[in-house]
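Spelled out from the first residue to the last, the chains are:
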Amino acid sequence: MRYLVRRAGQAVVVLLVAFTGAFLLLQALPGDALMIKYENPELGLSPQQIADVRERFGVDTPLYAQYVHTLLGFVAGDFGYSLQTGTPVRQLLGEAVPHTLILGGIALVVAVLIAAGIAFLSSVPRFGWIRDALRSLPPLMVSIPTFWFGIMLVQVVSFQLGWVSVIAPGPIEGLILPVITLAVPLSAPLAQILVRSIDDVAAQPFVTVVRARGASPSWILRRNVAKNAILPTLTMAGLLLGDLIGGAVLTETVFARPGIGRITEQSVTNQDTPVLLAIVVLAAAAFVVVNLIVDLLYPLLDPRLASRVKEGATA
Amino acid sequence: MSRSFPHRSAAAATAALALLALTACAAPAGGPSTNAAAGDPVEGGTLVYLEHQPHTTLYPPSAGFYPNGGIVNNVFDRLVWQDPETLELKPWIATDWEVNADATEYTFNLRDGVTFSDGSDLNAEVVAKNFDLYGLGDAERGLTVSEAINNYERSEVVDDDTVTFHFSAPAPGFLQATSTNNSGLLSESTLDFTLEQFAPGNSAEVIGSGPFTITAEEIGATLTLTARDDYDWAPPDRAHQGRAYLDAVQINVTPEDSVRIGALLSGQADYVRYVEAQDEAQVEGAGFTIYAPQTNGVNNALSLRFRDGILADIRVRQALTAGVDRQEVVDTIYSEKYPLATSVLSQGALGYVDTAEAFAYDPDKAEQLLDEAGWTVGSDGIREKDGEQLTLVVNEAGPQPRSFEALTLISQQLKKLGVDLQILKADAGTAAEAIRDADQVQINHSMVARADLDVIKSQFFSQNRNALLNLDYDDQSIGDPKLEELLQAVASEPDADARIADSQAVQQYLAEQAYVIPLFEEPQVYGTATNVQGVTFESVARPSFYEVWLSD
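Chains A and B, in that order, give the protein sequences.
With numbering that gives the first Met the number 0, you'll find the first sequence wraps up at 314, consecutive numbering, no jumps.
With numbering that gives the first Met the number 0, you'll find the second sequence wraps up at 551, consecutive numbering, no jumps.
Everything labelled a hint here was simulated from the structure, so no lab data went into it.
Errors might be hidden in some of the hints.
[Stated by the list, open to error] In silico SDA-like cross-links for lysine to any residue, where the CA-CA straight-line distance does not exceed 20 angstroms:
#1 B:Lys424 x A:Leu3
#2 A:Lys226 x A:Ser196
#3 B:Lys481 x B:Asp307
#4 B:Lys424 x B:Pro398
#5 A:Lys226 x A:Asn39
#6 B:Lys424 x A:Val111
#7 B:Lys128 x B:Ser188
#8 B:Lys424 x A:Leu28
#9 B:Lys128 x B:Glu104
#10 B:Lys415 x B:Thr375
#11 B:Lys384 x B:Gly373
#12 B:Lys424 x A:Thr268
#13 A:Lys226 x A:Pro298
#14 B:Lys424 x B:Asp436
#15 B:Lys336 x B:Gly347
#16 B:Lys481 x B:Asp471
#17 B:Lys424 x A:Pro298
#18 B:Lys424 x A:Thr234
With the hints as extra help, turn the sequences into a complete structure.
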């Protein structure tokens, strides 16, 4: 319990640092969202009219006051308004997050299944004959550009073969291609690590002992090797969140899906500071939570770690 | 990150197109379908329309951006209708109007029985409130003045269906301004909104009196327009009256070009905006129709900022003008839908006068002019004078089609003359800042769409877009007072014929001074499936879904 409290405290610090860093960096960029929007010649506003608008948005208040105001807003759950469109950032993210969570969540599950499939098939002696082919898959998959892969899937599966619709598809239909697009490059590093760990664990003395006692290779793989090989993979899965977010930007753009990725792309384009700030904090929060979950899962998989966690907590 | 998108998409699109060529071969050959063969219009159906970018606001004066315009044009009515063919102004919500001799008083009589989609009446009171907002703005609420409305003073409600607008100085462009998207009529309740309430996410609350209403929205992704059954106040001069033929329009934002085109060709979409020049052949080859309505304003052009040290010399400006092979640009980068410009204004624009002579391609003359101006070719092929190289920077025009490709070609053309033209390709913030500074951007690539004589003033006047940076933002000084005077005359001369002469004087002056190199007359390019009939556009090429219907 005390362990959890300490971790929560660390999380708050991480979020505050992420917020402050992002706030300062966004301020330091040349130009700003209001300039992009209102000084854009498209609106043809006079310098005086632009000055009025800037005043209304409080651009000229001192930086520290803006910082405190924004920070207090974040604490209270008010992320301000998009400067490009005026939509409340909370509404913007609130509508987008579920889409990306579903896409990312399913893609992660699929990626894990693909990785596990590749790793175990290539470790089972019966499939020795395609072992090399299977093991060369992850390097291939990791080098496929997500954007290109998505476009190819759309063109072939949707436009040529007509199997699924990309424009206004049903909820499940609309997930098929984006999930594949996102899952394939995601599964590659997982598979690579899993394969490596299986090899490492299989070379350990205790495996030789188990084998000497008459266990079949598949029994060893299932009961002894897999469980031990999963730890490094789990760590990797926690780190893959960044890839997942990056992949979502491309996937959501190609498939015209709403979500955090699309919003990120648009707000980067328009230098939409309040939206970007919220996205950075959200991403930081996601990292913290995912890594916390991973850390909490370790002791369940490996009892040796459980005692270490307890020691750490009492120290 | 955003800047790298077009590249990646271009590469991916090329790969995808190779695949698509297969489908194109399989599709029946033949030209675009003709509307005549389609029979009588039928009611019903949902049109799937693919937009390139998400809309940003529904506040009419700020809604010029094309993704906004596609919505606004179908949801809000206007006082006056501008015939997109002749550009004449005809009745719509106003049955008739009167303008005093010096164009400082406009009186409109309003049509009876017009209602907003929330049931409230469209009467003189609401119209007055609309223009009070558009003419004066409300900085408190973040709502800006409409660029098209100048010198607005106040409104006066004469009776329930008569309203008069007063101006502090002649405002000859006002009548046309009331016909534009920027003057879309909003309901009483909507007029109390702040900028934030006009934002995506709240679109269904924005109420107009147009043939469609916004009924559903997913921010940045989809928007549904539903036809109003009781709509009965279309402009009397339009071919169709009564409710729209379609039941609904489903607008889907599909940013990736190859996906938009592929969706159209595979039958998943009916109507797409923004078909790039290089994709036209593929769309037409597959039997689909390309529409390329003109934007009828200031042409896609390079504005030479004459207050910069190098460009202050007219010989250098003339040399650049003679050194750009505009025909090659149009032929190589664009298509026949992009006619070569013959003036600063488009041929379809009011007041257009042919000044093509001034822009003739003559590389020998260009070299001679640069020699005369004292720019001699240095060891690396770039001209120099007093130790300074002839280097100029032009901005990539993000919203304009294939800006970077066109500028790259122009840069190659100028390199032959010893001119080093660099292209500023930057993120939006950097670009927004650089574009206002002649030290950073000496040549401005841009255009403006508006079917009124005022458009030329919008582009070049110091208090509007200031494309030439005639007004220096740092010291507030004006470089060429004569240009200011000529532009102001266009926007303040009450007599229609005299205004045309004023606009022509500006075009001739800009050509004489070699301030502007116009490239081409910019269209908006749309593609439609063979069963989409009755496609029309307003005067600057925003789609109208009112007469659209789906055959078989």
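Measure nothing beyond the straight line between the CA atoms of Lys424 (chain B) and Leu28 (chain A); if it is 20 angstroms or shorter, mark the hint as holding. holds, 16 angstroms
Tell me if the straight-line CA distance from Lys128 (chain B) to Glu104 (chain B) falls inside 20 angstroms. holds, 16 angstroms
Is it true that the CA of Lys226 (chain A) sits at most 20 angstroms from the CA of Pro298 (chain A)? Holds: Lys226 (chain A) and Pro298 (chain A) sit about 12 angstroms apart, inside 20 angstroms.
20 angstroms Cα cutoff - pair Lys424 (chain B), Thr268 (chain A): holds, 13 angstroms
Holds or violated: are the alpha carbons of Lys424 (chain B) and Thr234 (chain A) at most 20 angstroms from each other? Not satisfied, since the Cα-Cα distance of roughly 40 angstroms exceeds 20 angstroms.
Checking one constraint from the list: CA of Lys415 (chain B) to CA of Thr375 (chain B), max 20 angstroms. Satisfied? holds, 13 angstroms
Quickly compare the C-alpha distance for Lys424 (chain B) and Pro298 (chain A) to 20 angstroms and report which way the hint goes. violated, 52 angstroms
Hinted pair, alpha-carbon criterion (20 angstroms max): Lys424 (chain B), Asp436 (chain B). Please report holds or violated. holds, 15 angstroms
Given the hinted pair Lys226 (chain A) and Ser196 (chain A), is their Cα-Cα distance within 20 angstroms? Holds, because 10 angstroms separates the two Cα atoms, which is no more than 20 angstroms.
Would the pair Lys336 (chain B) and Gly347 (chain B) pass a check requiring their Cα atoms to be no farther apart than 20 angstroms? holds, 14 angstroms
Tell me if the straight-line CA distance from Lys481 (chain B) to Asp471 (chain B) falls inside 20 angstroms. holds, 16 angstroms
Pairwise hint evaluation, Ser188 (chain B) against Lys128 (chain B), where the allowed Cα distance is 20 angstroms at most: holds, 11 angstroms
Violated hints, listed in ascending order, are 1, 5, 6, 17, 18; each of the other numbered hints is respected by the structure.
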